[in-house]
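From first to last, the protein sequence lines stand for chains U and Z.
Oh and the first sequence: position 79 is 79 in the working numbering, straight run, nothing missing.
Oh and the second sequence: position 58 is 1058 in the working numbering, straight run, nothing missing.
Watch out, some of these pointers could steer you wrong.
Unchecked claim - Straight-line alpha carbon distances no greater than 16 Å define the calculated EDC-like cross-link-like pairs of lysine to aspartate or glutamate that follow: (1) 1052/Z - 1073/Z; (2) 1043/Z - 1100/Z; (3) 52/U - 1062/Z; (4) 1077/Z - 1031/Z; (5) 52/U - 1001/Z; (6) 30/U - 82/U; (7) 1058/Z - 91/U; (8) 30/U - 3/U; (9) 1043/Z - 1031/Z.
What the hints assert, rightly or not - Beyond 12 Å from chain Z on every Cβ pair, some chain U residues (computed): (10) 73; (11) 77; (12) 80.
To be verified - Label-pair restraints from in silico Cβ distances: (13) 13/U - 1031/Z: 38 to 46 Å; (14) 1056/Z - 28/U: 40 to 48 Å; (15) 1027/Z - 52/U: 17 to 25 Å.
Because the hints were derived from the structure by calculation, they are not lab data.
Note that beta-carbon positions come from the ideal geometry of N, C-alpha and C, so glycine has one too.
Residues per chain, in single letters:
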Amino acid sequence: SYELTQPPAVSVSPGQTATITCSGHNLELKFVYWYQQRPGQSPVLVIFQDTKRPSGIPDRFSGSNSANTATLTITGTQAFDEADYYCQAWDGTTAVFGGGTQLTVL
Amino acid sequence: EEHLVESGGGLGQPGGSLRLSCATSGFNFTDYWMSWVRQAPGKGLEWVANIKQDGSEKYYGDSVEGRFTISRDNTKKLVSLQMSSLRVEDTAVYFCARADCSGTSCPGWFDTWGPGIPVTVSS
């Protein structure tokens, strides 16, 4: 079965840039989606189709996808961005989530 | 505003059954695939099942294939998950999610989520 691999944790200082990666076989051939989940809350879509932001998501959030790795970048990271982040892609008719990355802002 | 609300969770016995429902409002229900995603305590997200707009296609994750059944009622704007042969490892918060898409990339992204409902499987 298809797998997406994320680092379990990433730390960043306030105001700096956070980078969260998601790797998978031939991932560049698939669309990747990113979700933010704060503790006790439902996931929120922050990036769709590799690079697009839903309305209401700040332009501090951006995405890319090339060479087996998709990347979520958060510039000017704020304490409010502290959350778990999940990547997701489709393997045929099956949705696959990465294991999630806990972003700590300290 | 789009709204999803799950119901029907609670305590189930190993080997038993539970039925979850998701009531929707604020959007044209028949335009979207609908999905269930779950999250075990302290764990990540796991996709459970999908159903196409007209109910003609249904897909399941390996861990629930043959035990869970997804269905929808387009007149009531409702999507359901019938869970049978429950296992302890089915314990999780279950989220109902709307799947949007573009062009031929359907289903695509989960753009609207319910608050989730806990299911505990224990004897």
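Each hint tested on the structure:
| no. | hint | verdict |
| --- | --- | --- |
| 1 | 1052/Z - 1073/Z | holds (12 Å) |
| 2 | 1043/Z - 1100/Z | violated (25 Å) |
| 3 | 52/U - 1062/Z | violated (30 Å) |
| 4 | 1077/Z - 1031/Z | holds (11 Å) |
| 5 | 52/U - 1001/Z | violated (21 Å) |
| 6 | 30/U - 82/U | violated (27 Å) |
| 7 | 1058/Z - 91/U | holds (15 Å) |
| 8 | 30/U - 3/U | holds (13 Å) |
| 9 | 1043/Z - 1031/Z | violated (31 Å) |
| 10 | 73 | holds (18 Å) |
| 11 | 77 | holds (22 Å) |
| 12 | 80 | holds (19 Å) |
| 13 | 13/U - 1031/Z: 38 to 46 Å | holds (43 Å) |
| 14 | 1056/Z - 28/U: 40 to 48 Å | violated (31 Å) |
| 15 | 1027/Z - 52/U: 17 to 25 Å | holds (19 Å) |
Checked against the numbered hints given earlier, this structure breaks hints 2, 3, 5, 6, 9, 14; the rest are met.
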